[in-house]
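For this one, chain A is given, so just place chain B on it according to the hints.
One-letter residues, chain by chain:
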Amino acid sequence: MTTMMEEKRPEELTERLSQEINEELQAELDHTLDESDRARIKTEVKERLRKELERRKALEEKRRRAQAKRDQEQFTRFSLNIRAQHIILAVGCILLIVTGLPIKFHEAEWAKLFFKLVGGLQVSQVIHRIGATMLIAVGVWHMLFLFTRAGRREFIELLPRPKDILDFFQNIKYFLGFSKEHPQFGRFSYLEKFDYWAVYWGMVIMIGSGLFLWFHNTALGLFPKYFLDIAREAHSDEAMLATLAIVIWHWYNAHFNPGIFPMNFTIFTGRISKERMMKEHPLEYEQMLRAQDNNGSVVESAVEAPSSAQASSPEEVENV
Amino acid sequence: MRTVCSVWKMGSLGQALAICLGLVGIIWLWQFPAQSQQDANGRCLLECHGKPDFKKEIAPGQFRTLYLDYAQFKASVHKEKLCIDCHTDVTVLPHPKKPEQIHCLQCHYEGNVVGAPVRERPEKYKESVHGKAFERGNPNAPDCKSCHTIHAVKPPQDPQSTVYRSTIPKTCGGCHIEVYAEYLEGVHGQALRKGVLESAVCTNCHSEHDLYAADDPRSSLHPRNVATTCAKCHGDVQMMERRGVPVTQVEAFKESFHGIKIEFGVLKSANCVSCHSYHKILRSSDPRSPIHPQNLAQTCGQCHPNATANVAMGKFHIIPSDPEAGIVFYISQFFKWLTISVLIGLILHIFLDLYGRFRLRRAGE
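Residue numbers (numbering that gives the first Met the number 0), protein chains in the order written: chain A, 0 to 319; chain B, 0 to 364.
Think of the hints as simulated: they come from the structure by calculation, not from any bench.
Each residue gets a CB set at the ideal place from its N, CA and C atoms; glycine is no exception.
Heads up, a few of these hints could be off.
Once the Cα atoms are required to be at most 27 Å apart in a straight line, the calculated DSSO-like pairs of lysine-lysine come out as [said to hold, decoys possible]:
{"hint": "1", "chain 1": "B", "residue 1": "LYS123", "chain 2": "B", "residue 2": "LYS153"}
{"hint": "2", "chain 1": "A", "residue 1": "LYS50", "chain 2": "A", "residue 2": "LYS61"}
{"hint": "3", "chain 1": "B", "residue 1": "LYS131", "chain 2": "B", "residue 2": "LYS80"}
{"hint": "4", "chain 1": "A", "residue 1": "LYS224", "chain 2": "B", "residue 2": "LYS335"}
{"hint": "5", "chain 1": "B", "residue 1": "LYS267", "chain 2": "A", "residue 2": "LYS103"}
{"hint": "6", "chain 1": "B", "residue 1": "LYS279", "chain 2": "A", "residue 2": "LYS224"}
{"hint": "7", "chain 1": "B", "residue 1": "LYS96", "chain 2": "B", "residue 2": "LYS144"}
{"hint": "8", "chain 1": "A", "residue 1": "LYS103", "chain 2": "B", "residue 2": "LYS253"}
{"hint": "9", "chain 1": "B", "residue 1": "LYS131", "chain 2": "B", "residue 2": "LYS144"}
{"hint": "10", "chain 1": "B", "residue 1": "LYS267", "chain 2": "A", "residue 2": "LYS111"}
{"hint": "11", "chain 1": "B", "residue 1": "LYS260", "chain 2": "A", "residue 2": "LYS115"}
{"hint": "12", "chain 1": "B", "residue 1": "LYS80", "chain 2": "A", "residue 2": "LYS111"}
{"hint": "13", "chain 1": "B", "residue 1": "LYS253", "chain 2": "A", "residue 2": "LYS115"}
{"hint": "14", "chain 1": "B", "residue 1": "LYS123", "chain 2": "B", "residue 2": "LYS193"}
{"hint": "15", "chain 1": "B", "residue 1": "LYS260", "chain 2": "A", "residue 2": "LYS224"}
{"hint": "16", "chain 1": "B", "residue 1": "LYS253", "chain 2": "A", "residue 2": "LYS224"}
{"hint": "17", "chain 1": "B", "residue 1": "LYS144", "chain 2": "B", "residue 2": "LYS169"}
{"hint": "18", "chain 1": "A", "residue 1": "LYS273", "chain 2": "A", "residue 2": "LYS162"}
{"hint": "19", "chain 1": "B", "residue 1": "LYS314", "chain 2": "B", "residue 2": "LYS335"}
{"hint": "20", "chain 1": "B", "residue 1": "LYS279", "chain 2": "B", "residue 2": "LYS314"}
{"hint": "21", "chain 1": "B", "residue 1": "LYS96", "chain 2": "A", "residue 2": "LYS103"}
{"hint": "22", "chain 1": "B", "residue 1": "LYS267", "chain 2": "A", "residue 2": "LYS224"}
{"hint": "23", "chain 1": "B", "residue 1": "LYS97", "chain 2": "B", "residue 2": "LYS144"}
{"hint": "24", "chain 1": "B", "residue 1": "LYS73", "chain 2": "B", "residue 2": "LYS50"}
{"hint": "25", "chain 1": "A", "residue 1": "LYS103", "chain 2": "B", "residue 2": "LYS260"}
{"hint": "26", "chain 1": "B", "residue 1": "LYS55", "chain 2": "B", "residue 2": "LYS96"}
{"hint": "27", "chain 1": "B", "residue 1": "LYS54", "chain 2": "B", "residue 2": "LYS153"}
{"hint": "28", "chain 1": "B", "residue 1": "LYS335", "chain 2": "A", "residue 2": "LYS111"}
{"hint": "29", "chain 1": "A", "residue 1": "LYS111", "chain 2": "B", "residue 2": "LYS144"}
{"hint": "30", "chain 1": "B", "residue 1": "LYS231", "chain 2": "A", "residue 2": "LYS103"}
{"hint": "31", "chain 1": "A", "residue 1": "LYS224", "chain 2": "B", "residue 2": "LYS314"}
{"hint": "32", "chain 1": "B", "residue 1": "LYS314", "chain 2": "A", "residue 2": "LYS103"}
{"hint": "33", "chain 1": "B", "residue 1": "LYS131", "chain 2": "B", "residue 2": "LYS193"}
{"hint": "34", "chain 1": "A", "residue 1": "LYS115", "chain 2": "B", "residue 2": "LYS267"}
{"hint": "35", "chain 1": "B", "residue 1": "LYS153", "chain 2": "B", "residue 2": "LYS125"}
{"hint": "36", "chain 1": "B", "residue 1": "LYS335", "chain 2": "A", "residue 2": "LYS192"}
{"hint": "37", "chain 1": "B", "residue 1": "LYS253", "chain 2": "A", "residue 2": "LYS111"}
Pairwise CB distance ranges, derived in the manner of DEER restraints [to be verified]:
{"hint": "38", "chain 1": "B", "residue 1": "ILE339", "chain 2": "A", "residue 2": "LEU165", "range": "24 to 30 Å"}
{"hint": "39", "chain 1": "A", "residue 1": "SER272", "chain 2": "B", "residue 2": "ILE339", "range": "36 to 42 Å"}
{"hint": "40", "chain 1": "A", "residue 1": "HIS85", "chain 2": "B", "residue 2": "ALA212", "range": "52 to 58 Å"}
So here's chain A without its partners, still in its complex pose (with noise of 0.2 Å):
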């Protein structure tokens, strides 16, 4: 009895509920539509068109700018051993930078303060020579470096050469508006040349003059006093010089310049984009090429780039 009256009352409910509906919906069909019905139906379509519009213009962004990224190749421009080589250099000046010029302006009151804060000068003297041991360290890695294959090509592309020369006057030419032509760089511009030779000359003077000062002891025994005091003036005048080159020159030229700010990372990740790479070293871009037209493995996606590196408009450059 019970169950029959449950099943009962389900269809009862069904029956009821469709013919709710029917109404409703004769209703809906008899009711005509006004002009507010009208304009009310309109907004809400084209709020949904220009949704769907949205959407898929986001959509469609977002492929593109991966398609960028993916024609964007990259290229590695520094081995992890170079960029290791860096690190430890940049890091290793620092610290001698920061421990270093205090005791060359002792009497400022900043100086004083930093001796404090870092905990006496002893403590300083040591972290400069941890730094010393870094440029040191760095200094024969360098030159074992030289000894490899990869060493090696870095270091003839280094050399430098009649065409940096040209490229300079070129640059300046360019700067001065007397020219519409960017210098062609190859895989070192003559700026990174200045940058390299550079740190030759400190290092052998830095080097050179620090362990005197270090094992001064040792050194006042095998030479005349006067070698102490001309190590003492070198090292700290050549250390000014390579101060205010790496904060004025290095840094402007791989941070302050308007058109890397804030930095360039190539050194760090070893990466560079195909649109730099054409921009900044066409010369290298192009001798890749064709190295890769010779292995026969061309990469798809620099197929058209000769005619473009030859390209070098004002407007290119500017944007480097």
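The following block gives chain B in isolation, referenced to the frame of chain A:
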């Protein structure tokens, strides 16, 4: 005095005459006070302390003189004082027992009413090595009178004073006899003997009342302060010019690694006296001097174990910007001009680069 006193006995009859006599008496007193037999200290001197053979037997056969040279006292800064101003426990004469030891601080304290000058000196003395030794009960420890004398205290400007510049070494030498002998051999002692009053005497380096042990950071002889102490004179351009002594060492030492180490509290570093020694400072031309070229290896060797005759090859106390520095001057000039020219080039290149960028940007817009 008698004349003045009689004025009151004579009454009004001879007043005019009496006043005249009185005036004459006062003038007479003014003009010859020292000769006056009415000196308030007269009784002390007349009966006992003025007699040269007045003495006391302190042990069988041993005597201590109790004579006072009153002329000396009258020439001292305390000439206006009475004996009993200081010997306050003497109330009857002759005094039945030995008066207590007196102390300068009886008068020379802050707020005294007798007008005794008070400076920070007694306080400084208490902190000094002498004061501390005195406090510990060292019988040889000097107090005020040891240097200033007892009854013949004179101001330091007075050439007769025991603390007059040229006499100070002798005064200190009274106890520090060996140091005195060394000092007289040194350049400062020699100069002083020749009458150069501005030559350094004991107190210039040790200071006098605030004389601390050399390991006391407050001491003028503490390793941190030695250079400053010497620089008081050796940094004085005019004085050094007068004496024909170079003045650049002070600056050169400050800039040296020795000087910088000391500046930042690393005291295991050479200061002036480490090389020049102190009481017997001798010229570098004197073979006995630790800075004579032949002795330099040994002098530097105190700290730098490998020092050889090499250390004598090269100038000392050099200032790189001074042509006197020899080769170091040329090195410094080379780097100076290298730095200037390189930086001018680099900065010019940077500005050209910036100019080019802004020019192109403007052209592009």
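* To do: Sort out whether LYS169/B lies within 27 Å of LYS144/B, counting only the CA atoms.
  => 15 Å, holds
* Keeping to a limit of 27 Å between CA atoms, is the pair of LYS73/B and LYS50/B held or broken? -> Holds, at about 16 Å.
* To do: For the pair supplied as a hint, LYS267/B and LYS111/A, confirm whether the alpha-carbon distance does not exceed 27 Å.
  => Roughly 19 Å between the alpha carbons, so the hint for LYS267/B and LYS111/A holds.
* Asked: Can the restraint linking LYS267/B and LYS103/A be considered satisfied, given a maximum Cα separation of 27 Å?
  -> Holds - the C-alpha atoms of LYS103/A and LYS267/B are around 20 Å apart, at most 27 Å.
* Could you grab the alpha-carbon distance between LYS103/A and LYS260/B and see if it respects the 27 Å cut-off? => 12 Å, holds
* Given the hinted pair LYS50/A and LYS61/A, is their alpha-carbon gap at most 27 Å? -> 16 Å, holds
* Asked: Within a Cα-Cα threshold of 27 Å, do LYS115/A and LYS267/B meet the stated pairing?
  -> 19 Å, holds
* LYS314/B and LYS103/A: Cα distance at most 27 Å? -> 21 Å, holds
* Asked: Is the straight-line distance between the alpha-carbon of LYS260/B and that of LYS224/A 27 Å or less?
  -> Distance of about 19 Å is within 27 Å: holds.
* Given the hinted pair LYS335/B and LYS111/A, is their alpha-carbon gap at most 27 Å? -> Distance ~26 Å between LYS335/B and LYS111/A Cα, so the pair holds.
* Between LYS253/B and LYS115/A, is the straight-line Cα distance small enough, at 27 Å or below? -> Given that 27 Å is the threshold and the Cα spacing comes to 19 Å, the pair holds.
* Does LYS80/B pair with LYS111/A here, judged by a C-alpha cut-off of 27 Å? -> Status violated; Cα separation ~54 Å.
Checked against the numbered hints listed earlier, the structure breaks hints 3, 12, 14, 21, 29 and 33; every other hint is satisfied.
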